[in-house]
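Protein chains in written order, with this note's numbering: chain G, 1 to 220; chain C, 1 to 366; chain D, 1 to 140.
Everything hinted at is true.
Label-pair distances were calculated between CB atoms; the ranges are:
no., chain 1, residue 1, chain 2, residue 2, range
1, C, L144, G, S106, 46 to 56 Å
2, G, W107, D, A73, 54 to 64 Å
3, G, R140, C, F249, 50 to 60 Å
4, G, G47, C, E352, 37 to 47 Å
No lab work stands behind these hints: they were computed from the structure. No residue lacks a Cβ here, since even glycine has one placed at the ideal position from N, Cα and C.
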Amino acid sequence: MTETELLLWVRGPALQIATVIFVLGIVVRIAGILMLGRKKNLAEARGSAVAGGLRTILSRSIPDPGTLQRSTFNVVAGYIFHIGLFITILLFAPHILLIEDVFGVSWPALPTPIVDATTVVTIIALLAVLIHRLRHPVMRFLSGFQDYLVWLVTILPLVTGYLAFHRVGIAPPPTLLAIHILSVELLMVVFPFTKLMHTFSLFMARYYNGAISGYKGVKS
Amino acid sequence: MSKDETLGEALRRQGITRRGFLKFCAATASMMALPPSMVPAIAAALEKAMRPSVIWLSFQECTGCTESLTRSHSPTVEGLIFDTISLDYHHTLQAASGSAAEAAREAAMEENYGKYILVVDGSIPTANPGYSTIAGISNKSMLLDTAKGAAAIVAVGTCAAYGGIPKAKPNPTGAVAVSDLIKDKPIINVSGCPPIPVVITGVLAHFLTFGTIPELDALGRPKAYYGQSIHDRCYRRPFYDKGLFANTFDDEGAKKGWCLYKLGCKGPTTYNACATTKWNEGTSFPIEAGHPCLGCSEPDFWDGGGFYKALSMPTEDITRAAVYAVGAGAAAGVALGAMNRAKKARAVKTHEKVTINDLEKGADDD
Amino acid sequence: MHMPDVTPAMELKVETADALTCNVQPLLHEIRHALARLLDEGGHTVIDLRSLPLAPGEEQQLLDELGNGEVYARLHALGPTEIIESRYPGVWIVVHYNSSDEVIGKFIEVCDIPNLLRSQQADIQQGLEQLQAQLPAAIN
Numbered sequence: 001m002t003e004t005e006l007l008l009w010v011r012g013p014a015l016q017i018a019t020v021i022f023v024l025g026i027v028v029r030i031a032g033i034l035m036l037g038r039k040k041n042l043a044e045a046r047g048s049a050v051a052g053g054l055r056t057i058l059s060r061s062i063p064d065p066g067t068l069q070r071s072t073f074n075v076v077a078g079y080i081f082h083i084g085l086f087i088t089i090l091l092f093a094p095h096i097l098l099i100e101d102v103f104g105v106s107w108p109a110l111p112t113p114i115v116d117a118t119t120v121v122t123i124i125a126l127l128a129v130l131i132h133r134l135r136h137p138v139m140r141f142l143s144g145f146q147d148y149l150v151w152l153v154t155i156l157p158l159v160t161g162y163l164a165f166h167r168v169g170i171a172p173p174p175t176l177l178a179i180h181i182l183s184v185e186l187l188m189v190v191f192p193f194t195k196l197m198h199t200f201s202l203f204m205a206r207y208y209n210g211a212i213s214g215y216k217g218v219k220s
Numbered sequence: 001m002s003k004d005e006t007l008g009e010a011l012r013r014q015g016i017t018r019r020g021f022l023k024f025c026a027a028t029a030s031m032m033a034l035p036p037s038m039v040p041a042i043a044a045a046l047e048k049a050m051r052p053s054v055i056w057l058s059f060q061e062c063t064g065c066t067e068s069l070t071r072s073h074s075p076t077v078e079g080l081i082f083d084t085i086s087l088d089y090h091h092t093l094q095a096a097s098g099s100a101a102e103a104a105r106e107a108a109m110e111e112n113y114g115k116y117i118l119v120v121d122g123s124i125p126t127a128n129p130g131y132s133t134i135a136g137i138s139n140k141s142m143l144l145d146t147a148k149g150a151a152a153i154v155a156v157g158t159c160a161a162y163g164g165i166p167k168a169k170p171n172p173t174g175a176v177a178v179s180d181l182i183k184d185k186p187i188i189n190v191s192g193c194p195p196i197p198v199v200i201t202g203v204l205a206h207f208l209t210f211g212t213i214p215e216l217d218a219l220g221r222p223k224a225y226y227g228q229s230i231h232d233r234c235y236r237r238p239f240y241d242k243g244l245f246a247n248t249f250d251d252e253g254a255k256k257g258w259c260l261y262k263l264g265c266k267g268p269t270t271y272n273a274c275a276t277t278k279w280n281e282g283t284s285f286p287i288e289a290g291h292p293c294l295g296c297s298e299p300d301f302w303d304g305g306g307f308y309k310a311l312s313m314p315t316e317d318i319t320r321a322a323v324y325a326v327g328a329g330a331a332a333g334v335a336l337g338a339m340n341r342a343k344k345a346r347a348v349k350t351h352e353k354v355t356i357n358d359l360e361k362g363a364d365d366d
Numbered sequence: 001m002h003m004p005d006v007t008p009a010m011e012l013k014v015e016t017a018d019a020l021t022c023n024v025q026p027l028l029h030e031i032r033h034a035l036a037r038l039l040d041e042g043g044h045t046v047i048d049l050r051s052l053p054l055a056p057g058e059e060q061q062l063l064d065e066l067g068n069g070e071v072y073a074r075l076h077a078l079g080p081t082e083i084i085e086s087r088y089p090g091v092w093i094v095v096h097y098n099s100s101d102e103v104i105g106k107f108i109e110v111c112d113i114p115n116l117l118r119s120q121q122a123d124i125q126q127g128l129e130q131l132q133a134q135l136p137a138a139i140n
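Chain G with its partners taken away, still in its complex shape (with noise of 0.2 Å):
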């Protein structure tokens, strides 16, 4: 296989498995989820459930300050992580073409050398959050093989798109373009079945937690 053939099967074909892979499994789980039911709650209700549910999606965006303080490293290394996701994801010029391609919606990009400067602080946040799960006594007891892996996941695209982004010269550039995809497909595999799925389910417990208190007429 040459290197353009590979750029052209990891475009196409691969990327065509690996979508239906990332969007079958997230559809059967969150029908799962939400097949589950929940039991009718026979209290008469004293305020509004949906309006619990969507402040509580916002609300706990904002750590509250004991977690804050209990754990401060977690919450600053996590947030600038996530943060810095949602920045090369979503706000690079070629990726937002893509997006556009496949659901025909757009919007403006950032200038590449803000997102190649928040590929390197991403990186290194994720860094930090490895070397502090596996510094810290608890969290390491408490970590599996599937952390390591979700954590393996998320920082290749990252690495791998910087090389291909600056073409660093351990590969040409097409092979470096092809295991950044590459790298983003095992990513959309792996995401349905692991903890990488709280993308989505966090803003449904949030809802239902939310939901509950609302409907007891009380703050979550």
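Since the structure of chain G is provided, determine the placement of chains C and D on it from the hints.
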């Protein structure tokens, strides 16, 4: 001009002054992409250089490479490079044909065995030797035969370097590159469709000047010309960095000269000297004319997923795959959910309540 | 600068992009450093304009910045060469043409006089021989 004359002697005999020679050296340095400070060294080397014999073989090609070169060589300086080499065989350019031409090739090979430069343009068919022949000799056997005594091989054009358009899918002739057949000789790939003329002459000038082959990249191309991507040297690069793109060939962005990435520009994955050396005596290059780079100096550029499709865009229909997956996922999810609910209902039904008596009974047993 | 005589088939208005490579200012600074070096150490600097990415119009912008000074020379050696001293003494613009008047090299030289303007030793020698050959033998 005699064969054991040095280049300096040959030039002087042609009435070229020292000034003319210095100008020639300055232009040659520029052509070889060497810093101007190298000019004295180049002058000293060229003065003593012996004119090499060159045999040029054309296989499955369109003569575009020869055309590119001869267009540029009417001008004196690059022409001089050609006057100083002894082009002993080139079946498109030479007057002789048929067995007389082949005799010239064989004579040149014999006389300069181990010293001549072999230039090849065009790919070589391997599916059937009859697909391309010269004087009844198949391309493959002529290449293998002529390569034996060559000091170095210059594969001119993407066809000779990587198979090029003849090798494009479905490759009916089984076309291959020179490097697929020759493994024991230094091969310099001067890719491009066609290559920039000064790159062809620059490589010959390098051989002439230093008697060695220039430093090559992973794809066998001289680093001096193929060391940087079109994207990195493009004057439109600032627009890419700012996120300013032409979306069509006639929108505001196109008129303002913004980046052509969205229109399928292959500049980021293409290594060539177009952005600085430019074409037509330095007039411009395709991006300057408003057209995205096709990536013609890269292997398999013809099958690269569409000239007008941005590099980051998928080459297959992803939207439909995603829609099908949503449908299948929803169906599977509902089915699984139904199974879970049934399981839950069964569990509730078969559930036996534990009473205080059961617990007390259990406690008594201990 | 010299342009080949070509009648355009149609009039085209070429707009230059509003943000360019921005290589003109750094080049001017490089020339400034080269001039300072020429004064201090007598260092000779040559910049090959073909090796730099310049947007359409930027080369002209650079040449306009440098302007024309007191010297304009035109050589005929392997086609014409124009050697122009810019408005900054010591900064020379050297443009080589081939016999079809196409540009084959464009350089900025920072020196007291470009080498190409000097009579070359070998040429002087040859000239002497020619002159001697032309004069009656008795004078020798």
